[in-house]
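Enquirer: So the chains spell out like this:
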Amino acid sequence: MHNELKITDMQTLESNKKTTEESNNPVCLNLPDFTTDSYKDAYSRINAIVIEGEQEAHDNYLSIATLIPNELEELTKLARMEMKHKKGFTACGRNLGVVADMEFAKKFFSKLHGNFQIALEKGNLTTCLLIQAILIEAFAISAYNVYIRVADPFAKKITEGVVKDEYLHLNYGQEWLKENLSTCKDELMEANKVNLPLIKKMLDEVANDASVLAMDKEELMEEFMIAYQDTLMEIGLDNREIARMAMAAIV
Amino acid sequence: MFGLIGHSTSFEDAKRKASLLGFDHIADGDLDVWCTAPPQLVENVEVKSATGISIEGSYIDSCFVPEMLSRFKTARRKVLNAMELAQKKGINITALGGFTSIIFENFNLLQHKQIRNTSLEWERFTTGNTHTAWVICKQLEVNAPRIGIDLKKATVAVIGATGDIGSAVCRWLINKTGISELLMVARQQEPLALLQKELDGGTVTSLDEALPQADIVVWVASMPKTIEIDTNKLKKPCLMIDGGYPKNLDEKFQGENIHVLKGGIVEFFNDIGWNMMELAEMQNPQREMFACFAEAMILEFEKCHTNFSWGRNNISLEKMEFIGAASLKHGFSAIGLDKQPRVLTV
Chain S
111 MHNELKITDM
121 QTLESNKKTT
131 EESNNPVCLN
141 LPDFTTDSYK
151 DAYSRINAIV
161 IEGEQEAHDN
171 YLSIATLIPN
181 ELEELTKLAR
191 MEMKHKKGFT
201 ACGRNLGVVA
211 DMEFAKKFFS
221 KLHGNFQIAL
231 EKGNLTTCLL
241 IQAILIEAFA
251 ISAYNVYIRV
261 ADPFAKKITE
271 GVVKDEYLHL
281 NYGQEWLKEN
291 LSTCKDELME
301 ANKVNLPLIK
311 KMLDEVANDA
321 SVLAMDKEEL
331 MEEFMIAYQD
341 TLMEIGLDNR
351 EIARMAMAAI
361 V
Chain H
3 MFGLIGHSTS
13 FEDAKRKASL
23 LGFDHIADGD
33 LDVWCTAPPQ
43 LVENVEVKSA
53 TGISIEGSYI
63 DSCFVPEMLS
73 RFKTARRKVL
83 NAMELAQKKG
93 INITALGGFT
103 SIIFENFNLL
113 QHKQIRNTSL
123 EWERFTTGNT
133 HTAWVICKQL
143 EVNAPRIGID
153 LKKATVAVIG
163 ATGDIGSAVC
173 RWLINKTGIS
183 ELLMVARQQE
193 PLALLQKELD
203 GGTVTSLDEA
213 LPQADIVVWV
223 ASMPKTIEID
233 TNKLKKPCLM
243 IDGGYPKNLD
253 EKFQGENIHV
263 LKGGIVEFFN
273 DIGWNMMELA
283 EMQNPQREMF
293 ACFAEAMILE
303 FEKCHTNFSW
313 GRNNISLEKM
323 EFIGAASLKH
333 GFSAIGLDKQ
343 PRVLTV
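Same order as they appear, the protein sequences are chains S and H. The numbering of the first sequence is our numbering, which starts it at 111 and goes up by one. The numbering of the second sequence is our numbering, which starts it at 3 and goes up by one.
Hints listed in this document are in silico derivations from the structure and should not be mistaken for laboratory results. Remember, predicted model here, so these are calculated numbers, not experimental data. For glycine and all other residues, C-beta sits at the position ideal for the given N, C-alpha and C. Not one of these hints is a red herring.
Only pairs whose alpha carbons sit at most 27 Å apart, straight line, appear in this in silico DSSO-like list of lysine-lysine:
| # | chain 1 | residue 1 | chain 2 | residue 2 |
| --- | --- | --- | --- | --- |
| 1 | H | 75 | S | 274 |
| 2 | H | 90 | S | 266 |
| 3 | H | 331 | H | 178 |
| 4 | H | 305 | H | 321 |
| 5 | S | 150 | S | 217 |
| 6 | H | 115 | S | 274 |
| 7 | H | 19 | S | 303 |
| 8 | S | 267 | H | 115 |
| 9 | H | 91 | S | 274 |
Derived CB-CB ranges, DEER-like:
| # | chain 1 | residue 1 | chain 2 | residue 2 | range |
| --- | --- | --- | --- | --- | --- |
| 10 | S | 304 | H | 34 | 21 to 27 Å |
| 11 | H | 305 | S | 304 | 46 to 52 Å |
| 12 | H | 114 | S | 200 | 27 to 33 Å |
| 13 | H | 323 | S | 184 | 53 to 59 Å |
| 14 | H | 323 | S | 259 | 39 to 45 Å |
Generate coordinates for the entire structure from the input sequences, incorporating the hints supplied.
Expert: Below, the structure written as structure tokens:
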């Protein structure tokens, strides 16, 4: 009788030899050419988004302080840091000879900006913190983490410094929401449902330009989900609640 | 704290499990969604050793699935992110299970120490290969006589002899078992020659030549899906120990005097009360697990917080003896032929 060993359908490393070769190929780790027109063109929008993002963050923290006046000092400190970041990123653009497309960036943030302003007017602190201290900060951290790996040496150094600060900011919103979770959970879920899809759309919108900068969309999204999940976990939500919230990103 | 980093055996399987665990956002997602999914700490567990010592541990699903092997950057991120999570959770010693240690080794992840704001501390991780190698050797020593193979007269072929586990198995067989002959098969000839020199023994040969001669075959290579083997040419009886990953030697040959044994699987003396091994498709998920996972538990029981198994060809006989003795002491035993392996449903 003749028998042959039957092998199941499961993938093996053997069947993906190319992957192993690719991993050993140093070309994969190469940086993009920062001097090309296409790089500079994409950078004019990405850089503008970053600059505008830092400006928004500055304004938002000062606005949040109007809702919790006893936190004014701390929030002013955070706001000041964001201005410092804005200056740093402006220098990154200048260093590459790029003029940031601020009009594009303003439009890019307009929906989220609008939602923040409405929440502020209504005095919905939880929504304001979700938008600024969780969504925008996680978005920024994820983008900066990915950017650091492919940035020019000047921008890399600046971005590394910024990321350290941004983790503090994420932490600020996290702490407040953690302390007040029992009373703010419903609003947090609701605000998330409205605003997380905006972040996803923003990411989609910027994906092409980001890829010119060698920033991979898949990696950006993953970095965002990691920062987002970490924060929600710290706030005290369980796996299932986080999963339900993250659902809003799949649109 | 000990940690285990694992993954599902296929994308379909992963989605099914995510749904059971309530991770609806990824359960409904396509492969692209999974490629962006963060690692998940799925379960915490307390385990009590046969000596009475209690330890705590966590199971982390890396959200890697084998379908991602063709996306090298994704696979790399999955492993590194899971390792970062383990370290951030303060876990002292974490085993890299399934494909994750293979990815770490083959994709050169050692050069990616900095993950976001975490600098990975390698001493917190182990491949678990020392324990796996020891378990495979014990499985060979115990089960061969059971099917009428006299070790002193036996020819043993190790397929994948130059790998981390393969070379350790060869070292043990030559020095500790008194087998008649060792046949060593591997793709690359240069390391094979070096191994032969180091062991001062063993015969270098090809797969086709080795199989008809071998009473016992230890598979520790990742096998191509397309490989075809004429079982008529195999010796009868023949013991095949499937020590590779994935475990893809079919069980169907058991009845024809070809005995296939799931290599590198251990059983704990007590029910553990976890769900994580159901995810790993173990036959008795309350007690059975990969030996590499058990290594992390043993190291935690022993308060031996170091990357015990790390890099390639660092597994010494002394290390195997140490982990083997500790394994038995704390209540682990290698599964034998009486435990029929189940076909992986893929």
